[in-house]
Amino acid sequence: MIKTIDLKKSFGKLKVLKGITEHIKPQEVVSVIGPSGSGKSTFLRCLNLLEIPDSGQIIFEGVDITQKGIDIDNHRQKMGMVFQLFNVFPHLTVEKNITLAPVMTGKKTQIEAKEQAEELLNKVGLYDKIHEHPNRLSGGQKQRLAIVRALAMEPDVMLFDEPTSSLDPEMVGEVLQVIKDLVKSGMTTVIVTHEMGFAKDVSDRVLFMDEGIIAEQGTPQEIFGNPQNPRTKDFLSKVLY
Amino acid sequence: MWTHLGERIIGLLSRYNTLFLEGVGMTLLLSALTVAIGVFLGSFLAMMKMSKIYPIRWLANIYIEIIRGTPLLLQLYFFYFVIPEMIKFINFTKFSSVATALALNSAAYVAEIIRSGIQSVEKGQTEAARSLGLTKRQTMLKIVAPQAVKNILPALANEFIMVIKETSLASTFFVGDLMTSFKTIQGITYMSFEPLVIVGAIYLILTYLLSKLVAVYEGRLKASD
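So the protein sequences, as listed, match chains A and B. According to the working numbering, the stretch in the first sequence is residues -3 to 237, in order. According to the working numbering, the stretch in the second sequence is residues 340 to 564, in order.
FYI, nobody ran anything at the bench for these hints, they're computed from the structure. Positions of the beta carbon are idealized from the N, C-alpha and C atoms, including for glycine. Mixed in with the good hints there might be a few duds.
Think about it this way: if two alpha-carbon atoms lie no more than 35 Å apart in a straight line, the pair counts; the simulated DSBU-like pairs of lysine-lysine are [unchecked claim]:
(1) 462/B to 180/A
(2) 475/B to 391/B
(3) 481/B to 125/A
(4) 481/B to 180/A
(5) 74/A to 462/B
(6) 462/B to 9/A
(7) 489/B to 561/B
(8) 74/A to 489/B
(9) 14/A to 462/B
(10) 462/B to 176/A
(11) 551/B to 92/A
(12) 176/A to 481/B
(13) 475/B to 74/A
(14) 9/A to 21/A
(15) 64/A to 391/B
(16) 4/A to 481/B
(17) -1/A to 9/A
(18) 475/B to 180/A
Here are some chain A residues pointing at chain B (derived, C-beta under 10 Å) [unchecked claim]:
(19) 41
(20) 45
(21) 72
(22) 78
(23) 142
Here are the computed distance ranges between Cβ atoms for each label pair [what the hints assert, rightly or not]:
(24) 59/A to 395/B: 28 to 36 Å
(25) 131/A to 497/B: 22 to 30 Å
(26) 394/B to 67/A: 26 to 34 Å
(27) 161/A to 497/B: 34 to 42 Å
(28) 461/B to 57/A: 27 to 35 Å
Please model the complete structure; the sequences and the hints are all you need to start from.
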């Protein structure tokens, strides 16, 4: 579904991605773990071109989206993204947060979008907040809203960039549960996370990134049970205690 | 000097009330016009300053630097004496010269207000909108601009207050603003202190009322946050 070929990206002199070649298959759930500064978020943000790679290709559903002159907005509509800092729209009600994009892009009429928003909010237990502004929501509620906002575009793949890293501990569970349900429904998912238990639980495959490369990858059993790379071992010994 | 001051002020007020009123009217007209044109041109300048194309950004920067780095009075002189000489086919009146200079001056300040208002909207907002597949334009109109306006409006109101005070410089050319009223009355009566007190009080009332309005508006914004 998404292929990257020798993806490279630098910020100034700092080489953040040093050549990532990866293939995410339909319905696959891939977790990306690794120390901070390893390039995992940059890798994820390259997939929908929020960061433009310096070189390399990204093939999404058979189209090289790094080509010049490609209509990236069109492709982004099929890639949902959830951010660490939620980035819900504070000036819009919960309902408008969800319906804005489907209506603006011509995917849905206002009425269809509203029906869909109600259904999605029901699913994540936020229906009673539909007319509120996001400032009345807790962090966990904001992130659930951000997830259904992305889902309203009916994407083919969901990208999560540390979705629970800025949540209070007691709200992590509710957000992870929503992601878990989504994963079970067969959504292709790439998730950058520090929640090792969660990664172990839901992933088909785990990528361990370090210093701009994928240092090791495998099933959760392989990575967490029997890591081969000394850097993976070192990282896991620090985060699993 | 202090004896019968109140009487003299009341006397001046009643004798020259139309002159003061006309002065207030002209000051407000000039200020409103300045800010209106300033906002219009300032929006363009702000967009130019945020442009990806270097020469466009450069042009806007030069303009803003020149305007902000030279005295307004100098700019007024320039538009009063030099521009009408250079551009003969337009018939510049006193008023249009002064209004043009004030508006072009204000545009540079307004451009900075608008630019910083837009850039104060978190980057994550743009990223979220673009990740949903909205175009650059849709993102600006539906996500960034509505949030930027909250920052921009109070600053614009302050700019209006500044402009009200700055229009007094236009009295150099006797355009009929409030400060011109002072000069006229001073010329007729040879009194300085009394008309200055009156004119000063009027400026103070205008700016105070406006800043109170802004405060109320800002309070309402905070309540909605």
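Evaluated hints:
Only pairs whose Cα atoms come within 35 Å are accepted, and residue 462/B paired with residue 180/A is accepted, the gap being roughly 32 Å. With a C-alpha separation of about 13 Å, the suggested pairing of residue 475/B with residue 391/B holds against the 35 Å cut-off. Of the pairs offered as hints, the one joining residue 481/B and residue 125/A holds, with about 21 Å between alpha carbons and a cut-off of 35 Å not exceeded. As the CA atoms of residue 481/B and residue 180/A are separated by approximately 34 Å, the hinted pair is consistent with the 35 Å bound.
About 22 Å separates the Cα atoms of residue 74/A and residue 462/B, which keeps this hinted pair within 35 Å; it holds. Distance check on the hinted pair: residue 462/B and residue 9/A sit about 23 Å apart at the alpha-carbon level, within 35 Å; holds. About 10 Å separates the Cα atoms of residue 489/B and residue 561/B, which keeps this hinted pair within 35 Å; it holds. Taking the CA atoms of residue 74/A and residue 489/B, the gap is near 32 Å; set against the 35 Å cutoff, the hint holds.
Restraint check for residue 14/A and residue 462/B: satisfied, since their Cα atoms lie roughly 26 Å apart, inside the 35 Å limit. Only pairs whose Cα atoms come within 35 Å are accepted, and residue 462/B paired with residue 176/A is accepted, the gap being roughly 28 Å. Our distance criterion of 35 Å between C-alpha atoms is met by residue 551/B and residue 92/A, whose separation comes to about 33 Å. In summary, the hint linking residue 176/A to residue 481/B is supported, as the alpha carbons are separated by about 32 Å, within the 35 Å threshold.
Distance restraint check for residue 475/B and residue 74/A: the Cα-Cα separation of roughly 17 Å lies within the 35 Å cut-off, and the hinted pair is therefore satisfied. Restraint check for residue 9/A and residue 21/A: the C-alpha separation of about 33 Å stays at or below 35 Å, so the hint holds. In summary, the hint linking residue 64/A to residue 391/B is supported, as the alpha carbons are separated by about 17 Å, within the 35 Å threshold. For the given pair, residue 4/A sits about 33 Å from residue 481/B by alpha-carbon distance, which is consistent with the 35 Å threshold.
Between residue -1/A and residue 9/A the alpha-carbon distance is near 26 Å, which keeps this suggested pair within the 35 Å criterion. Note on residue 475/B and residue 180/A: the hinted pairing holds, with a Cα-Cα distance of about 34 Å set against a maximum of 35 Å. Taking 10 Å as the C-beta contact cut-off toward chain B, the hint placing residue 41/A at the interface holds, the least distance being around 8 Å. At its closest, the beta carbon of residue 45/A sits 9 Å from a beta carbon of chain B; the interface hint therefore holds under the 10 Å criterion.
Interface hint at residue 72/A: satisfied, since its Cβ lies 4 Å from the closest Cβ of chain B, which is below the 10 Å cut-off. Restraint check, residue 78/A versus chain B: the minimum CB separation of about 9 Å is within 10 Å; hint holds. Hint on residue 142/A holds. Least Cβ distance to chain B is approximately 8 Å, under the 10 Å limit. Distance hint for residue 59/A and residue 395/B: a CB-CB separation of about 32 Å, consistent with the stated range 28 to 36 Å.
Checked against the hint of 22 to 30 Å, the C-beta distance between residue 131/A and residue 497/B comes to roughly 26 Å, which is consistent with it. For residue 394/B and residue 67/A, the hinted distance range of 26 to 34 Å is satisfied, since their beta carbons lie about 27 Å from each other. Between residue 161/A and residue 497/B the CB atoms are about 39 Å apart, so this pair conforms to the stated range of 34 to 42 Å. Separation of residue 461/B from residue 57/A is about 30 Å and conforms to the stated range, judged on CB atoms against 27 to 35 Å.
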